[in-house]
Structure formats: C-alpha cells, structure tokens
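Letter by letter, the chains look like this.
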Amino acid sequence: MSFLQIQDVSHVYFSKNDRTLAITDINLTIEEGEFISIIGPSGCGKTTILSIVAGLITPSVGKVILDNESITGPNKNTGYMLQQDYLFPWKTIRENIFLGLKLTGQLNEKTKQKTLNLLKKMGLGHVENQFPTQLSGGMRQRVALVRTLATNPKLLLLDEPFSALDFQTKLKLEDLVFKTLKQFEKTAILVTHDIGEAIAMSNRIYLFTNRPGTVHKLFNIPEELSKIPPFEARNHPLYNEIFQGIWKELEKLENQNEY
Amino acid sequence: MKIKMNIDSMHREYKNKIIREQRFVIFFQLLIFITFFALWEIASNLKWVDPLVFSSPSKVWNLFVENILEGTIYAHISITLFETILGFIIGTIAGTILAAILWWSPLLSKILDPYLVVLNAMPKVALGPILIVALGPNMTSIVTMGAIISVIITTIVVYTSFRETDPNYMKVLQTFGATRWQCFKEAILPSSFPAIISTLKVNVGLSWVGVVVGEFLVSKQGLGYLIIYGFQVFNFTLVMQSLLIIVIFATIMYKIVELIENALIKNR
Numbered sequence: 001m002s003f004l005q006i007q008d009v010s011h012v013y014f015s016k017n018d019r020t021l022a023i024t025d026i027n028l029t030i031e032e033g034e035f036i037s038i039i040g041p042s043g044c045g046k047t048t049i050l051s052i053v054a055g056l057i058t059p060s061v062g063k064v065i066l067d068n069e070s071i072t073g074p075n076k077n078t079g080y081m082l083q084q085d086y087l088f089p090w091k092t093i094r095e096n097i098f099l100g101l102k103l104t105g106q107l108n109e110k111t112k113q114k115t116l117n118l119l120k121k122m123g124l125g126h127v128e129n130q131f132p133t134q135l136s137g138g139m140r141q142r143v144a145l146v147r148t149l150a151t152n153p154k155l156l157l158l159d160e161p162f163s164a165l166d167f168q169t170k171l172k173l174e175d176l177v178f179k180t181l182k183q184f185e186k187t188a189i190l191v192t193h194d195i196g197e198a199i200a201m202s203n204r205i206y207l208f209t210n211r212p213g214t215v216h217k218l219f220n221i222p223e224e225l226s227k228i229p230p231f232e233a234r235n236h237p238l239y240n241e242i243f244q245g246i247w248k249e250l251e252k253l254e255n256q257n258e259y
Numbered sequence: 001m002k003i004k005m006n007i008d009s010m011h012r013e014y015k016n017k018i019i020r021e022q023r024f025v026i027f028f029q030l031l032i033f034i035t036f037f038a039l040w041e042i043a044s045n046l047k048w049v050d051p052l053v054f055s056s057p058s059k060v061w062n063l064f065v066e067n068i069l070e071g072t073i074y075a076h077i078s079i080t081l082f083e084t085i086l087g088f089i090i091g092t093i094a095g096t097i098l099a100a101i102l103w104w105s106p107l108l109s110k111i112l113d114p115y116l117v118v119l120n121a122m123p124k125v126a127l128g129p130i131l132i133v134a135l136g137p138n139m140t141s142i143v144t145m146g147a148i149i150s151v152i153i154t155t156i157v158v159y160t161s162f163r164e165t166d167p168n169y170m171k172v173l174q175t176f177g178a179t180r181w182q183c184f185k186e187a188i189l190p191s192s193f194p195a196i197i198s199t200l201k202v203n204v205g206l207s208w209v210g211v212v213v214g215e216f217l218v219s220k221q222g223l224g225y226l227i228i229y230g231f232q233v234f235n236f237t238l239v240m241q242s243l244l245i246i247v248i249f250a251t252i253m254y255k256i257v258e259l260i261e262n263a264l265i266k267n268r
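Residue numbers (our numbering), protein chains in the order written: chain X, 1 to 259; chain G, 1 to 268.
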C-alpha cells in the first residue's frame, strides 16, 4: 500500500449560473518520504487537489487514502502552507508557531520546547517575542514553516509557498525547506508554476492539463538530481535537459488549447 | 565628516519645521476657542443676541461655580454619566454578540437581513414613549434608550467586518482542524477589533443622544433633566451650562476610547 493514494478524484464547483469541472479522474500515488510537484497552467485545479488532500473540500467523486486511512476532514497528519505566510498580525511569533499545537490540544512544555528549538534552527530564535509586521517576507515564511511543522504532520502540502518572495530569498528558502523536510523524513506535495523549482526540489513531477485539470504527463527526476539540494540541482547539467523537456510539453498543451 | 555635519543640521531643521507647525496649529485652535467665547460674551452684553435666550459665558460660569459650591451638580453629572456609560457598554456588547450570532448562522443572517435594514432605518428615539410605558418611568428605560440607539448600527458594522475577514486566516485554522468557535476566537474577532473600536467612537455620541432624550421624557435628575427644566422655567443659563458639561464629558469618553484603540491595535 502506498503512503498516499488519490483515487479517481474529480471535483465540480457549483454557482447559481455555472458549474465548473475543476479536476477530473486524478490518480496519484506517493510513497513515504517522497517529494512530488504538480505543475501546470493556471486554472488547472492545483489548489483544489491540495484542498481535497488536506480534507478542506470533499471531492465530488473519488477518495484520498493517507497512511491506510480515508480522509474525511482536516486532520493532524497533514500540514498546509499557503502562498503567503498568513501569520496572525495580532499574535507574537511565539503565539503564531504554537497555534497548531493549541488547536489540536497538544500544547505542553515538551512540544513548546521542540517548536522553539525548530525556530532557533531556522535562525529566528531572537524574534520569538516580536510581531509578524517586524519581520521580512522570507523570515515570515520561515515562521510559517515552523508553524506548519510544529504539529508534526506526516504529509506537507505546499501551495506555491515561495511565489510571493524575491528571487534570492526564494532560492535560499527552497534549500532550507528541502533540507528540513529531508531531515524529518517528511512526504510533501508542492504546487507551483515555476518549472525550475519543481525540478530542483522533487522526485517526480506531475504535469496537469488545463480545466478540467488532470494528469497529462509524469516526469521522473533522476536520483542524482533529486537527492542534492535545490540550489546545486539548478546548476546540474541534467537540469536544463529536463527543463527543456517539460517546457516543450507545456507549449504543446497550450497550443492544443488554442485550436 | 563634512557630510555628517550637514545631516545633523538638516535633521535639526526638519525637527524645527515640525515644531513650528505644531505651534501654528495649537495657536489657531486656541484662537478659535477664545474668539468663540469672547464673541459670545460681547454679543450677549451688547444685546446683539437676546441674553435671555443665549445667556453668556460669564453667567454660565457663575452658575457653575455656584452649583459646585452648593454641591447639587455632582448628582446630576454622575447619574447621567452612569446611564450613558452603561447604555454605551450594553449597546456595543449586545451589538457585537448579535453580529457574532449572524456570523455563526449564515442562514439566519439571510432571513434577518431585511429586518435589520428596517430597524436601522427606524428613528430609535421614537421608541421612547413606548419604552417608558413598558419599562416604567425610571432609569431602566433611560439606559435602554442609550443602548437601543447604538445596538443595530453596531451589529451591522461589526457583522460586515466579521464577513470581510481574509478567508485565508480561516483556511490556516481549518487545516489544523479548528472548530467554528476556535475560528471565531482566533481570527474573526481579533481581526475585527479595528471595526469594533470605530463603532465605539460612533456609539459614544449616540449613547449621549439616547440618554439625554430619555431624561427629557422621564427623569427627575441628570443633565438632560436640567436642560428640559431650564427650558420650562426659561433659565437658559442652566441649559447652556448643562450642554457644556455634556460636551466636556462626551469628549473625555471619546478620548478614552482612543486610548483603548491605541492599546489594542498597536501591533498592526
């Protein structure tokens, strides 16, 4: 049995005058400790699939099985990181990173200490009592990562978490997230429209078609590339070759849509 | 080195500019204040206006000193102040609770929507006579007036703010499996504090209106009572004095709300 199985998932959004088939017939399996990426044109239902895996949306058809359990609602096995940090501005950094522990009833001296240690490891030990507005974008996203990891989820869902950052911060954060996830042996799904980011970080890349979104093609990243940190991977000779391959597929997809 | 000295003197110049501007503002504020009372005094003394109707600052001041020496004014001030603060607090809290209930049940809010519009449009002071008959000619009906006048507008403003909270904060909480109550407590309510504070500022003024009108109708005590009494015995010095006291206390309440505002939302 695979760690995560997405079986025949389709989802329709309804409004008064419209119905939108966002994703259709999605089948994916992910093994424990893998890092996979989903890329595709905007509107391919990337966020919908993450919301379904997180249990925030119940799919119209199909089911998601995580670690032999069917997902029926939000659960503490999954952690979600959004495009922006969404730290609560009225809470201190300390209160922000304890939020998940508090909500899941796991807040005690031991978990507090563990979370604060993680914050220190991210190089942010000194901001514990500051407010989010006093921090830079990169620092805030690192705090959001600590908040997500605090409840010790088995599966991380990353919804374009680096897209709002400047390029340099983004590269640094990619490395940090990659190393942190590998160290804690987390499984992760990254949604992005940055092809380079997907190649540099993942074991596998799923290319989605546009509305309705479904798996168009799977790219396996060779191990020599997937095991090294993203920054090094971006300079690897294989990187460009794979980039070109994915680029061509994306162009083909777009051309199909035009005619 | 030379550049450093320039920066220092430029900074001094900048600070001086700010201070000059502050002085200018305060000077004109004082000028308006003094001119107003001076003109009032002169106009009254020279009979440009009817001194019986418009009184004069000196007469108001003399009456005020007299009332303080006799000690009669304290009871009036404290009772009105008490009623206003109570009405203000009840109105704001009840309005916020109503808003929370509407947020809790979207279906209920859809059902009640037209009634809120009607209640908001209705002049609440017109309920005065009914309140007095229903609750009796006492302090309860006056406090109710003070509260009822602000409760609906508070509900509408706070409910709008609840609904406009960025849904992504809710998403963060929901991924941790938060209940609706936890979402309310952690995201909806704190993110609406600025809106609640701004309704507080509006409610300070509204509660004074409600209480003074209430006192017009029933009471035997209070600043509103003094105004209506002064009117009945044609003592407009008393009316003006009571009005000035109300203005002063309403301003103080407003300033206190501003202090609360600064303390609550300093981190944003």
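Hint data in this document are derived by calculation from the structure and do not stem from the laboratory. Just so we're clear, the structure is a prediction, and the values are computed from it rather than from any experiment. Among the clues, some could well be false.
[Unchecked claim] Taking CB as the label site, the calculated pair distances span:
| hint | chain 1 | residue 1 | chain 2 | residue 2 | range |
| --- | --- | --- | --- | --- | --- |
| 1 | X | LYS16 | G | GLN182 | 27 to 37 Å |
| 2 | X | GLU95 | G | VAL202 | 26 to 36 Å |
| 3 | X | LYS63 | G | LYS185 | 28 to 38 Å |
| 4 | X | ASN235 | G | HIS11 | 39 to 49 Å |
| 5 | G | ARG20 | X | ASN108 | 31 to 41 Å |
| 6 | X | ASN108 | G | ILE101 | 30 to 40 Å |
[What the hints assert, rightly or not] Derived lysine-lysine pairs resembling DSS-like cross-links, with alpha carbons at most 27 Å apart:
| hint | chain 1 | residue 1 | chain 2 | residue 2 |
| --- | --- | --- | --- | --- |
| 7 | X | LYS170 | G | LYS171 |
| 8 | G | LYS185 | X | LYS186 |
| 9 | G | LYS185 | X | LYS112 |
| 10 | G | LYS15 | X | LYS110 |
Just so it is clear, CB atoms sit at the ideal spot from N, CA and C, and this is done for glycine as well.
Review point. Within 27 Å, alpha carbon to alpha carbon, are LYS15 (chain G) and LYS110 (chain X)?
Key: violated (51 Å)
**Study point:** ASN108 (chain X) and ARG20 (chain G) - C-beta distance against the hinted 31 to 41 Å
**Key:** Violated: the Cβ-Cβ distance is about 58 Å, outside 31 to 41 Å.
Review point. CA of LYS185 (chain G) to CA of LYS112 (chain X), is that 27 Å or under?
Key: holds (21 Å)
Check your understanding: Taken at face value, is the distance from the CA of LYS186 (chain X) to the CA of LYS185 (chain G) at most 27 Å?
Key -> violated (31 Å)
Check your understanding: Holds or violated: LYS170 (chain X) with LYS171 (chain G), Cα cutoff 27 Å?
Key -> holds (23 Å)
**Study point:** Outcome for the supplied range 39 to 49 Å, where the beta carbon pair is ASN235 (chain X) and HIS11 (chain G)
**Key:** The hinted range 39 to 49 Å holds for ASN235 (chain X) and HIS11 (chain G), with Cβ atoms some 47 Å apart.
Exercise for review: Using the Cβ atoms, figure out if ASN108 (chain X) sits within 30 to 40 Å of ILE101 (chain G).
Suggested key: holds (34 Å)
Practice item. Go ahead and decide if the range 26 to 36 Å is satisfied by the Cβ distance of GLU95 (chain X) to VAL202 (chain G). Key: At roughly 31 Å between Cβ atoms, VAL202 (chain G) and GLU95 (chain X) fall inside 26 to 36 Å, so the hint holds.
Practice item. Go ahead and decide if the range 28 to 38 Å is satisfied by the Cβ distance of LYS63 (chain X) to LYS185 (chain G). Key: holds (32 Å)
Check your understanding: Given a hinted range of 27 to 37 Å, is it respected by the beta-carbon distance of LYS16 (chain X) and GLN182 (chain G)?
Key -> Hint holds: Cβ distance 31 Å, inside 27 to 37 Å.
The structure shown violates the earlier hints numbered 5, 8, 10.
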